[in-house]
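A.B. asks: Here the protein sequences line up with chains A and B, keeping their order. Start counting the first sequence at 2; every next residue gets the next number (our numbering). Start counting the second sequence at 2; every next residue gets the next number (our numbering).
Any given hint could turn out to be false.
Remember, identical chains collapse to one label, so a pair may be satisfied in a single copy or spanning two.
The list that follows gives simulated cross-link-like pairs (lysine-lysine, DSSO-like), each with its CA atoms no further than 27 angstroms apart [unchecked claim]:
no.: 1; residue 1: Lys284; residue 2: Lys184
no.: 2; residue 1: Lys284; residue 2: Lys28
no.: 3; residue 1: Lys262; residue 2: Lys28
no.: 4; residue 1: Lys238; residue 2: Lys98
no.: 5; residue 1: Lys109; residue 2: Lys238
no.: 6; residue 1: Lys234; residue 2: Lys98
no.: 7; residue 1: Lys109; residue 2: Lys56
no.: 8; residue 1: Lys333; residue 2: Lys234
no.: 9; residue 1: Lys333; residue 2: Lys39
no.: 10; residue 1: Lys238; residue 2: Lys333
no.: 11; residue 1: Lys218; residue 2: Lys98
Please keep in mind that the hints were generated in silico from the structure rather than gathered at the bench.
Number of protein chains: 2
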Amino acid sequence: MNFREEQYLLLPGPTPVPTNVLRSMAKPMINHRGPEFKELIAEVTEGVKKVYKTKNEVVIFPAAGTGAMEAAVVNFISPGDKVLAVSIGVFGDRFAKIAEEFGAEVEKIDFPWGQAADPEVIRERIAQDRLREIKAVVVTHNETSTGVVNDIKSIREAVGDHPALFIVDAVSGLGAMNLETDKWNLDVVVSGSQKAFMIPPGLAFLAISPRALRVAKNCSNRRYYWDINSALKYLEKGQTPYTPALSLFYGLREALEMMEKEGIDNIIARHAVYRDMVRAGVKAMGLKLLADDRVASSSLTSVIAPEGLGANRIRRRLLERFNVVIAGGQQKLDDVIFRIGHLGNVLYLDLLAVLAALEMVLVELGVDIELGRGVTKAQEILMQKGV
Amino acid sequence: MNFREEQYLLLPGPTPVPTNVLRSMAKPMINHRGPEFKELIAEVTEGVKKVYKTKNEVVIFPAAGTGAMEAAVVNFISPGDKVLAVSIGVFGDRFAKIAEEFGAEVEKIDFPWGQAADPEVIRERIAQDRLREIKAVVVTHNETSTGVVNDIKSIREAVGDHPALFIVDAVSGLGAMNLETDKWNLDVVVSGSQKAFMIPPGLAFLAISPRALRVAKNCSNRRYYWDINSALKYLEKGQTPYTPALSLFYGLREALEMMEKEGIDNIIARHAVYRDMVRAGVKAMGLKLLADDRVASSSLTSVIAPEGLGANRIRRRLLERFNVVIAGGQQKLDDVIFRIGHLGNVLYLDLLAVLAALEMVLVELGVDIELGRGVTKAQEILMQKGV
Chain A
2 MNFREEQYLL LPGPTPVPTN VLRSMAKPMI NHRGPEFKEL IAEVTEGVKK
52 VYKTKNEVVI FPAAGTGAME AAVVNFISPG DKVLAVSIGV FGDRFAKIAE
102 EFGAEVEKID FPWGQAADPE VIRERIAQDR LREIKAVVVT HNETSTGVVN
152 DIKSIREAVG DHPALFIVDA VSGLGAMNLE TDKWNLDVVV SGSQKAFMIP
202 PGLAFLAISP RALRVAKNCS NRRYYWDINS ALKYLEKGQT PYTPALSLFY
252 GLREALEMME KEGIDNIIAR HAVYRDMVRA GVKAMGLKLL ADDRVASSSL
302 TSVIAPEGLG ANRIRRRLLE RFNVVIAGGQ QKLDDVIFRI GHLGNVLYLD
352 LLAVLAALEM VLVELGVDIE LGRGVTKAQE ILMQKGV
Chain B
2 MNFREEQYLL LPGPTPVPTN VLRSMAKPMI NHRGPEFKEL IAEVTEGVKK
52 VYKTKNEVVI FPAAGTGAME AAVVNFISPG DKVLAVSIGV FGDRFAKIAE
102 EFGAEVEKID FPWGQAADPE VIRERIAQDR LREIKAVVVT HNETSTGVVN
152 DIKSIREAVG DHPALFIVDA VSGLGAMNLE TDKWNLDVVV SGSQKAFMIP
202 PGLAFLAISP RALRVAKNCS NRRYYWDINS ALKYLEKGQT PYTPALSLFY
252 GLREALEMME KEGIDNIIAR HAVYRDMVRA GVKAMGLKLL ADDRVASSSL
302 TSVIAPEGLG ANRIRRRLLE RFNVVIAGGQ QKLDDVIFRI GHLGNVLYLD
352 LLAVLAALEM VLVELGVDIE LGRGVTKAQE ILMQKGV
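Whenever a hint applies, use it, and build me the whole structure from the sequences.
C.D. replies: In structure tokens:
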């Protein structure tokens with residue numbers, strides 16, 4: 002199975018890059034202070050806004066998604082600011098850690114890994130803040146470490162008219178599950194290139210509400226690289242404050258064209274089918290899922306390894322036998338779960354193939370399952386959905 | 002002349018990317034926590050060290066070169082630290098500004114734009130610091146805004162055994178002009194991908210001496226994305242703290258192979274010929290150069306536009322007529338100079354062609370020069386050098 006270059010890459014990012022996008026990136030360099038780039042940055046910024054469902058300003062950084070998380074902290078949270086960080090896993094913790102590192106007084110509300118945040122808990126905590134000392138609420142859209150999606154709309158409603166900025170890490174969720182930046186009144190939304198945008202890692206996005214823009218003007222945190230005031234000033238003239246990652250811009254233009262053609266809501270519906278077929282297939286194999294159906298992510302599915310069989314052994318075998326790459330568990334979930342990414346440039350058939358490989362590997366490892374049951378179940382879901 | 006995709010791109014970055022490097026970047030994604038990436042990061046880190054002429058640690062960030070400048074500040078300079086910033090242009094000013102933004106007490110020594118820093122001035126200033134309060138000396142190797150190269154070796158010697166960290170911005174100079182990180186005892190050296198490394202923008206490099214590593218352990222500046230302690234911890238296991246810019250890593254591997262084959266000292270010699278032929282050619286056209294021969298950069302050449310003829314008019318015409326892209330002047334040098342980049346993947350013949358185009362454009366714009374004189378002079382230089 003390993004004779005070809007492409008693997009079955011089913012990670013929650015980096016996701017497989019379509020070959021036309023790869024090709025588009027092989028274009029020669031241009032002057033990043035010239036007319037072609039001016040056109041390019043205007044076009045892709047508008048395209049990204051459509052995915053975000055926003056008319057807010059969008060800034061693109063040459064960085065990993067974590068860079069946009071740092072930008073969301075240093076532009077909008079000043080040292081000493083009280084921040085409510087809602088965490089349901091590794092990336093919620095990371096956001097809280099970055100805020101702490103940059104001087105915020107962080108109060109973290111943790112929910113058990115594998116569960117979603119309860120909006121009622123946040124509503125109560127916000128109601129207690131009569132002096133309105135909380136300056137920002139930081140929350141994860143899709144928690145990549147567990148495969149759980151938070152109900153951002155309800156959490157936003159729970160914060161209500163409290164003046165805290167509402168900051169969302171949507172790195173692995175945007176473009177895979179519905180996120181209404183404007184309708185839901187989200188102040189700052191972070192994302193990255195290597196997930197639903199289907200391009201290689203190296204671009205990070207930030208959508209910024211007018212209210213957040215005002216906060217950034219007076220934010221006292223130190224910043225140069227991540228300074229959105231500078232980025233927006235340059236954006237007006239079709240430039241960036243320092244050299245942009247040109248090849249990734251070429252790729253982004255191509256990928257956005259594909260996304261535009263398919264339509265963002267169709268893309269989201271497609272990802273929901275991924276979720277349903279993978280979950281049904283894995284369940285039919287008799288395996289347990291980490292997340293409940295009600296909060297299950299459309300970007301990835303976390304599966305608990307069968308009793309006595311390490312998750313990483315399954316992963317290794319999938320790689321060796323079938324060149325299938327899936328993710329392991331992180332931190333306390335290491336070797337406990339494996340994570341099947343189904344995000345971006347993935348086909349239904351790819352997922353059927355991976356379910357089939359998983360079945361074969363499990364049988365080989367001595368798990369008592371019936372070959373084909375998981376695959377058949379997933380096929381049935383596809384037939385039901387009429388895809 | 003504009004029928005083909007590639008321009009004559011003679012900028013001091015982004016520089017033209019070789020087609021084999023572009024092709025190498027069109028590879029599918031891989032798991033950035035898997036065995037292939039572990040091998041890849043080890044290989045390119047070693048390759049970058051050879052260009053740096055160092056055995057020090059090297060860290061690669063998914064960022065523009067400016068990101069590595071910020072990393073050089075937040076890891077090694079604490080708020081309140083006294084910093085001596087040596088500036089000979091826009092990028093020297095930028096480094097000073099970043100240090101200031103992050104709380105350093107910056108004393109800037111400015112030299113006139115177009116000149117190099119005088120090591121004696123720095124020696125005197127350092128000698129006055131009897132209490133050894135200066136924690137870092139920050140200096141530019143090649144100043145991209147003027148086309149002047151600083152004598153880093155002499156400036157380092159001028160600092161002598163003063164304990165200040167010696168931090169160098171070598172973004173546009175490394176790989177084009179000699180820089181001996183270890184022999185010259187440079188503590189932190191910053192560079193970027195889109196210059197002599199011949200790959201697109203989006204990777205930034207930092208070489209760090211053992212002494213600087215110790216300073217970083219106790220540095221009180223806030224940092225997460227740029228934290229080299231975290232980067233080095235992950236590097237040990239063949240990973241990065243957050244998703245690396247994979248495609249650019251593929252490109253870097255390919256480009257480093259090319260550089261290894263040619264040999265770093267041959268590359269440097271080639272760039273010196275670029276400098277000599279362009280300067281001789283431009284002088285033979287009767288134009289004036291901004292920088293003196295003794296301090297002239299091998300990465301780019303700054304040319305003063307003829308009296309009464311704006312530099313940007315010449316640039317526009319070069320673009321329209323011949324698809325030749327050269328850089329303009331920055332800030333107070335805007336419209337006063339134009340800058341011919343000759344860095345990285347450039348051929349001698351490319352530069353002859355551009356000199357020819359420049360002559361034709363100047364004649365068309367009414368400048369009284371003799372067609373062919375500049376080109377011929379440059380040819381003579383090539384013949385003399387035996388290339």
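A.B. asks: None of the hints should be skipped; say for each whether it holds.
C.D. replies: Going down the list of hints, with the structure as the test:
no.	hint	in the structure
1	Lys284 x Lys184	neither (35 angstroms within a copy, 62 angstroms between copies)
2	Lys284 x Lys28	neither (45 angstroms within a copy, 34 angstroms between copies)
3	Lys262 x Lys28	both (22 angstroms within a copy, 24 angstroms between copies)
4	Lys238 x Lys98	between (35 angstroms within a copy, 22 angstroms between copies)
5	Lys109 x Lys238	neither (40 angstroms within a copy, 30 angstroms between copies)
6	Lys234 x Lys98	between (29 angstroms within a copy, 18 angstroms between copies)
7	Lys109 x Lys56	neither (31 angstroms within a copy, 42 angstroms between copies)
8	Lys333 x Lys234	between (43 angstroms within a copy, 19 angstroms between copies)
9	Lys333 x Lys39	between (46 angstroms within a copy, 23 angstroms between copies)
10	Lys238 x Lys333	between (47 angstroms within a copy, 19 angstroms between copies)
11	Lys218 x Lys98	both (23 angstroms within a copy, 18 angstroms between copies)
Of the numbered hints given earlier, the model fails hints 1, 2, 5 and 7; all others are met.
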